Amino acid sequence: MREKEQTGEGKFDMLMKIEGLSVAYGTIRALDDVVLEVMPGEILSVIGANGAGKSTLLKTITGITKPFAGTIVFNGMAIHGARPDKVVKLGITIVPEGRRIFPDLTVKENLELGGYPITDRALKTELFDLVVTTFPRIKERLKQHAGTLSGGEQQMLAMGRALMGNPKLLLLDEPSMGLSPIITREIFSLMRLINRDRGISMILVEQNAHMALEHSERAYVLENGRVTMNGLSREVKSSPGIIEAYLGV
Amino acid sequence: AKDVVKIGLITPLTGDVKTFGESTKNAFNIALEEYAKTGKYRIQPIIADDRNDPTEGANAALKLITQDKVAAIIGPLTSKVAIPVSEIANSNKTPMISGTATNPKVTSTDGKRKPYVFRACYTDPFQGTVGANFAIKQLKAKTAAVLYDVGNDYSKGLAEYFKTTFTKGGGNIIAYESYQKDDVDFSALITKVGIKKPEIIYIPDYYNKVALIAKQIREKGLKSALIGGDGWDSPELIKIAGNAIVGGSFTNHYSPDRKDPVADTFIRKYKEKFGIVPDALGALGYDSTVILLKALDSVKKITQEEIMTALSSVKNYKGVTGTISFDKNGDAIKSAAILKVEKDGFKYLTTINP
Amino acid sequence: MELLGYIFQQCINGLQLGAVYALIALGYTMVYGVLRLINFAHGDIFMLGAFIAYYLLSRFTLPIYVVFVLTMICTALAGYIIEKVAYKPLRNAPKISLLITAVGVSLFLEYFLSLKAVFTPNYIAFPRPFEVEAFDLSLFTITNVQLIIFSITGVSLGLLYLLVYKTKQGTAMRAVSYDKEIASLMGINIDATVSLTFIVGASLAGVGGILYGIAYPQINVFMGVMPGIKSFIAAVLGGIGIIHGAVLGGFIIGLSEVFVSAFLSSTFRDGVIFVILFLVLLLKPTGIFGKRIDKV
Amino acid sequence: MNFFWEARKVILLSVLIYLSVKAIFFFGYVSQYIEQITLYALIVILASLGLNVIYGYTGQFSLGHAAFYGIGAYVSAYLTKIFSIENIFAYIPILFISGAAAGLIGYLIGIPILRLRDDFLAIATLGFGTLVRVLLDNSDKFSEVFGGSRGFVGIPRLTTFELAFVIVIFLILITHNLIYSRYGLFWRCIKNDELASASIGINTFSMKLMAFTYGCFLAGIGGALYANLYTFLHPSNFDILKSIDFLIIVIVGGMGSIAGTIYAGLIWVGFIEGLRIVLPAEVVDLRWVFIPLLLIALMMWKPYGLMTKSRN
Amino acid sequence: MNALEVEGLEKSFGGVKAVDGISFVVEEGKTVGIIGPNGAGKTTVFNLITGFYRVDRGRILFYGKNITRTQPYKLPHLGIARTFQNLRLFSNLSVFENVLSAILKKDGYNVVSSVFRTADYFMKEGKAEKKARELIEFFQLSGKENYPANNLPYGEQRRLEIARALALQPKILLVDEPGAGMNPREVQDLLQTLREVKERFSLSIVIIEHQMGLVMNISDKVVVMDFGEKIMEGTPGEVKKDKRVIEAYLGEEFI
Ligand SMILES: Nc1ncnc2c1ncn2[C@@H]1O[C@H](COP(=O)(O)OP(=O)(O)OP(=O)(O)O)[C@@H](O)[C@H]1O
Ligand SMILES: Nc1ncnc2c1ncn2[C@@H]1O[C@H](COP(=O)(O)OP(=O)(O)OP(=O)(O)O)[C@@H](O)[C@H]1O
Ligand SMILES: [Mg+2]
Ligand SMILES: [Mg+2]
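Residue numbers (the working numbering), protein chains in the order written: chain A, 2 to 250; chain B, 14 to 367; chain R, 964 to 1259; chain L, 13 to 324; chain F, 38 to 292.
Be a bit skeptical, because a hint or two may be false.
To be verified - Label pairs and their computed distance ranges (CB to CB):
| hint | chain 1 | residue 1 | chain 2 | residue 2 | range |
| --- | --- | --- | --- | --- | --- |
| 1 | F | 167 | R | 1246 | 41 to 49 Å |
| 2 | R | 1047 | L | 293 | 34 to 42 Å |
| 3 | B | 209 | R | 1121 | 36 to 44 Å |
| 4 | F | 163 | L | 130 | 49 to 57 Å |
| 5 | L | 95 | F | 93 | 32 to 40 Å |
| 6 | A | 140 | R | 1246 | 34 to 42 Å |
| 7 | R | 1246 | B | 238 | 56 to 64 Å |
| 8 | F | 98 | A | 43 | 51 to 59 Å |
As the list claims (entries may be wrong) - Each computed PhoX-like pair below joins lysine-lysine, with the alpha-carbon atoms no more than 20 Å apart:
| hint | chain 1 | residue 1 | chain 2 | residue 2 |
| --- | --- | --- | --- | --- |
| 9 | B | 155 | B | 176 |
| 10 | B | 19 | B | 314 |
| 11 | A | 87 | R | 1131 |
| 12 | L | 314 | R | 1058 |
| 13 | A | 90 | A | 169 |
| 14 | L | 153 | B | 194 |
| 15 | B | 282 | R | 1079 |
| 16 | R | 1143 | A | 87 |
| 17 | A | 18 | A | 125 |
| 18 | R | 1051 | A | 67 |
| 19 | B | 284 | R | 1079 |
| 20 | B | 127 | B | 155 |
| 21 | B | 313 | B | 19 |
| 22 | L | 93 | B | 127 |
| 23 | A | 144 | R | 1129 |
| 24 | A | 125 | R | 1079 |
| 25 | A | 109 | R | 1131 |
| 26 | R | 1254 | A | 144 |
| 27 | L | 314 | R | 1051 |
| 28 | R | 1079 | A | 90 |
| 29 | A | 18 | A | 67 |
| 30 | L | 314 | B | 176 |
Bear in mind the hints are in silico, worked out from the structure with no lab data behind them. Here the structure is a predicted model, which means the values were calculated and not measured. Ideal placement from N, C-alpha and C gives every residue a C-beta, glycine not left out.
With the sequences and hints as input, model every part of the structure.
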């Protein structure tokens, strides 16, 4: 990881800046020259069709996938190509696609793993309290094996686990997938709550474009690995091309 | 310049019995070195590894015979490799002497003699029988237990003939137990045998196994006398087993304190060169090589046929492992010495003639 | 009474053997748990431990506890290096390629160390640091060697349990064993965790090697093969990846080997082990404590 | 028949290979030794192909393949010896009987153990392999002919180059046809996902059993050819280490690749025997130091095997 | 005629009743939707019908024939096909092979034909390949026949799974959350496809789905589950208005 690359004016207003990011799986280009900025405290949504590269974008930010070109600067530090565990320690955590909690561990152990990078005990306790108060359902089930939770509860656990890492930036990959309408709404309002109370920035990747645009301030549209549009969510939402391609009638 | 004669050595230089293969190879080299000074020919040795695997042994034999065109072969070490090799050697009319393969089937299959195949060691029936006779006549034992390695034909062969002879001689085999090649824990067997309190325990195996077994026998407080076969013959036996093996006795080819110049020279040279005292397998490897070299010198022309004939008529060759003649089966006729294990080495006890 | 004493005595014999298997099985289970790899070279690290201890004891006459510590350090280092050199480059390759590499490492260690210039192909007497003493407890006797083996296995098991279930590193190991990618997203350094697993597994193998040398005082470069395979079976029997499973498996195998020899014939002991294995796996296809995750 | 028409290229190629190999032998460029190891390589390829069907195609991890190879070998040895077979035409049915015997035992043992998965199956098959080894070690208790741990001696030498070549090519063709038919497709489906296979109506159990039986059958034939080539059998030749040899060949060649198995079989025998020729006498014991190193290097170079394209 | 009848189905996992006395009927040619909160037991019902889980109590009738506890692999032959909630494609096989495997399972030749390449082999293979291409085209996957299935984007994998199920020529199709991971627009396309499928293959369909836009539009009848029980059943219109359904599943804002 390189130390603060640029200290130019205004750079520090930005939480993260991605430039020219390109990723390929073998010969398949998944991301192509992506430019994206995240402001502190905002919820940013990324929408796009299947295979547009949304998950790839998040995976590349976390370091799971390595870009072949481009830069990601987070809080003044270049993090592209860094190992995931280092990135997490800088304050970027993720709620991965398909939840991927540890099914054989208890709910509590899952949360503890989320707090793995935190060494400060007091902070850890604070975060734990935050999670159990935000998700009272999780609190009831701390001793249960995570694999036996229902889909919605697993999603909450995945969010709780990500919060335990004390993120400055939280990445959410399709948090509503496979959830019932009522739970979906619950998850989104919890997300808003966390954003409001803790000032955590979020990148929200969603297929459910209605929901995503409704709950975010700004939005990016990804098509075949390229950013084709970005702007305020309300504007994006009313753009005819978007309605036609993603929102349906 | 001397004519060149190629001689092949097949022995396990890798694999589970590599250690024995190495001593054979060392002894083989000593014999060649000595010959180089006095012999008629310049010997070109070709050494092949058989990994103690019949397939590899057979491949190695064919390579030596059909590709390198050796005049004769020394080896292999174990019967399981020697048997397929002997088939190949015999059908290709290449003389072969194994120093150590004790299975009767090495020199003949289904009663048919393989004329090109010889061996410088005892066969299993011989040693097993001698061991049993010793137990009955000298030790006056009435009850015996036998522990043998079921996967090792040598061990199994000796055990069977011991059992037959001992029973015939009026003794009683009260325990006949086997273990496996890789076993190191014999406590169950020994506890089992121990409660029957046999007068003697016959352990026909190589020294490494014997040492472990003996140690465990004594640790379990058993007092039975231990006897065995030529596999015991290695200084390592006493080193590993220590006091546990002292007092045991075994059938063997020679006795180091017999004041035999041939053996003394060999042991001295071996020790100088390789830093350790040779085991019985080395000694047998040496003898078979020397027998072959002598046969080479005695023939008019180096043909495989001639060498074979020369070998068949070897009489009273005085080697490291005793006086050797080949019988009509190509097996060595030699008397068996009984050696006793003492703290500082093996001591000659008595000789039993076949 | 006679019979009872006999049975007790055989039990002790079986426990001794089982304890050694258990110690090796622990290493297998740990590595398997984290990498899903049957680390064939594990038995050879065990052998390495015995050899290192042999050199330390015979060349330097060090006190036994120093030998234990130094041996563990050496085998741990060997485990670490093997993982870094041979396994890490294949981290993303199919598990089976890794298995073949492990077989390669195992063969290499055996044949390389058996060279005269390195260790030796010979059977070597392992110098016991103390004399064997037997304590007669009327029904059966027990030796100091056995007591040492039991206590060291017990302590190792306890420490390992604490490490895996009570420390942060242990939680990390378990996380890595379920899902490496997600574990790394929890801030866990995968490479360090895998290394740690190998280090712990290999040092246990080192301890196993010393105990084995003390119990059966003769060592050879091929000594790790059979105990290795049997310990792996023990780990599977107990439910692979599960610490107490490995120990239970080790004792089951040790005891059944001994009892088959004691009441049947030693020829069939391997056969019987496998019959037991069959029966257990048919009833519980993932071993005694193994969990079955079979959600459609 | 379509069989021959479809296989025309392979058959033509085989005839060419046969003729050139024969010519080399005839003009004495190589010795009988080379002929023997070529034969041995063919046998190893056949048995490994059986494992490839079981593991490479169907995903059933077996560590007991050598046991079936051994069963074929012992059956053929026994039959050819007690009937003192000398005629090659009397030998052919025995070959197939030996293969069938190995297949039958594979079938019977497969019924209980093919319910197991992955490494658990591997351990169970390893167990079966050990059982067979124990039985072979004690086989002289059933009949003196088997020789137990002293080995089975005096087996007639019936395996000729022609016979082995024709049989192996024929069986490779059959295997090819099976694999490139619905059965091979189902096997690969099972390897990918058993539950999904069941959901499209594949009787996964019987298909696995079929692959296992067939794979064991090939191993059995390989074993039979081996027995009547080397004329001596020893139980230690059919233990776990041998099973691992077959596994190495399958993996090095590439799971699910017939050509890969053929190349890897040749390479494997080539390694072992080639180093024998290449290494000078003083360091022959380095042979088995190099082989594992070559193996490790090969796995790093081609982690998916020689003939499979790596994918991420 | 009833294609499928489920009567008093029960299933528990270690004390937890995942399905607790569910009954419903699927009339021939009709589409039934199953909705309910996460963990209500919907997928478990599918697994019970298709034999992947053993039924504790209850009966399943398929065209009047009792198929309770039939082994999974037998059901496709009777005419039941399904897809999985967590995609179960043959991920290393090509798109083409994924579809072909199902067709060849349905109409195959025997071992002798495959070994000796008889006329039957060529005829059946040819037919199967033609049909596979048709299906692939129908599901707009043409051009990707040779891609390994797991290289497809998620949505296309979902379509492929349905194509594979249809290759079995089933009488009834059970689909588990086919719209998961699709955007509203793609869900609309899927709805269209399913309608065509139903038309063209004259199928009955049972669909589990959380996306109301899909399930409410395609279903003739909706079954609502909660805690393993059926809390109501009715037309989409009725269900949307039901108080219990709103409370347990849809939420107030839905209206
Ligand atoms: N591991 C991989 N190997 C090869 N190709 C991949 C891999 N992962 C993703 N892809 C390809 O990269 C492209 C982008 O995939 P990505 O998962 O980022 O899309 P997405 O926008 O998240 O789609 P979805 O909505 O389906 O989750 C797709 O074409 C996909 O097939
Ligand atoms: N194999 C299993 N072992 C243990 N519990 C199981 C198993 N399968 C399902 N369950 C449990 O049964 C209950 C019902 O699960 P099911 O998957 O049927 O729910 P669902 O209605 O499909 O939910 P979702 O909408 O989230 O997919 C859950 O509590 C689940 O954890
Ligand atoms: Mg995605
Ligand atoms: Mg479900």
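Hint check results:
For the pair residue 167/F and residue 1246/R, the beta carbons lie near 48 Å from each other, so the given range of 41 to 49 Å is met. Checked against the given bound of 34 to 42 Å, the beta carbons of residue 1047/R and residue 293/L, roughly 36 Å apart, stay inside it. In this structure the hint that residue 209/B and residue 1121/R lie 36 to 44 Å apart at CB holds, the actual value being about 40 Å. Between residue 163/F and residue 130/L, the C-beta spacing of about 37 Å breaks the proposed range 49 to 57 Å.
Look at residue 95/L against residue 93/F: about 58 Å separates their beta carbons, and that is not inside 32 to 40 Å. Range check, residue 140/A to residue 1246/R: about 38 Å between beta-carbon atoms, so the 34 to 42 Å window is met. Distance hint check for residue 1246/R and residue 238/B: the Cβ-Cβ separation is about 48 Å, which falls outside the suggested range of 56 to 64 Å. About 56 Å separates the C-beta atoms of residue 98/F and residue 43/A, a value consistent with the hinted range of 51 to 59 Å.
Of the supplied pair hints, the one linking residue 155/B and residue 176/B holds, its CA atoms being roughly 12 Å apart against a limit of 20 Å. Distance check on the hinted pair: residue 19/B and residue 314/B sit about 14 Å apart at the alpha-carbon level, within 20 Å; holds. Simply put, residue 87/A and residue 1131/R have alpha-carbon atoms about 17 Å apart, close enough for the 20 Å limit, and the pair holds. This hinted pair checks out: residue 314/L and residue 1058/R have alpha carbons roughly 13 Å apart, not beyond 20 Å.
Between the alpha carbons of residue 90/A and residue 169/A the distance comes to roughly 10 Å, so the proposed pair stays at or under 20 Å and holds. For the hint pairing residue 153/L with residue 194/B, the CA-to-CA distance comes to about 19 Å; that is within 20 Å, so the pair holds. Proximity of residue 282/B to residue 1079/R is assessed by CA-CA distance (about 19 Å); at most 20 Å being required, the pair is judged to hold. At most 20 Å may separate the alpha-carbon atoms for a hinted pair to count; residue 1143/R and residue 87/A meet this at roughly 15 Å.
Between residue 18/A and residue 125/A, the direct Cα distance comes to roughly 29 Å. Violation of the 20 Å bound is thereby established for this hinted pair. Among the hinted pairs, residue 1051/R with residue 67/A is consistent with the structure: their alpha-carbon atoms are about 18 Å apart, no more than 20 Å. Taking the CA atoms of residue 284/B and residue 1079/R, the gap is about 15 Å. The hint holds against a cut of 20 Å. About 39 Å separates the Cα atoms of residue 127/B and residue 155/B, which puts this hinted pair outside 20 Å; it is violated.
Between residue 313/B and residue 19/B the alpha-carbon distance is near 17 Å, which keeps this suggested pair within the 20 Å criterion. For a cut-off of 20 Å, the pair hint linking residue 93/L to residue 127/B stands: about 18 Å separates their Cα positions. For the suggested pair residue 144/A and residue 1129/R, the alpha carbons sit about 16 Å apart, so the restraint of at most 20 Å is met. Between the alpha carbons of residue 125/A and residue 1079/R the distance comes to roughly 57 Å, so the proposed pair goes past 20 Å and is violated.
Distance restraint check for residue 109/A and residue 1131/R: the Cα-Cα separation of roughly 13 Å lies within the 20 Å cut-off, and the hinted pair is therefore satisfied. Restraint check for residue 1254/R and residue 144/A: the C-alpha separation of about 18 Å stays at or below 20 Å, so the hint holds. With a CA separation close to 15 Å, the supplied pair residue 314/L and residue 1051/R stays within the 20 Å bound. Note on residue 1079/R and residue 90/A: the hinted pairing is violated, with a Cα-Cα distance of about 51 Å set against a maximum of 20 Å.
The hinted pair formed by residue 18/A and residue 67/A meets the criterion: a straight-line CA distance of about 16 Å does not exceed 20 Å. Restraint check for residue 314/L and residue 176/B: not satisfied, since their Cα atoms lie roughly 56 Å apart, outside the 20 Å limit.
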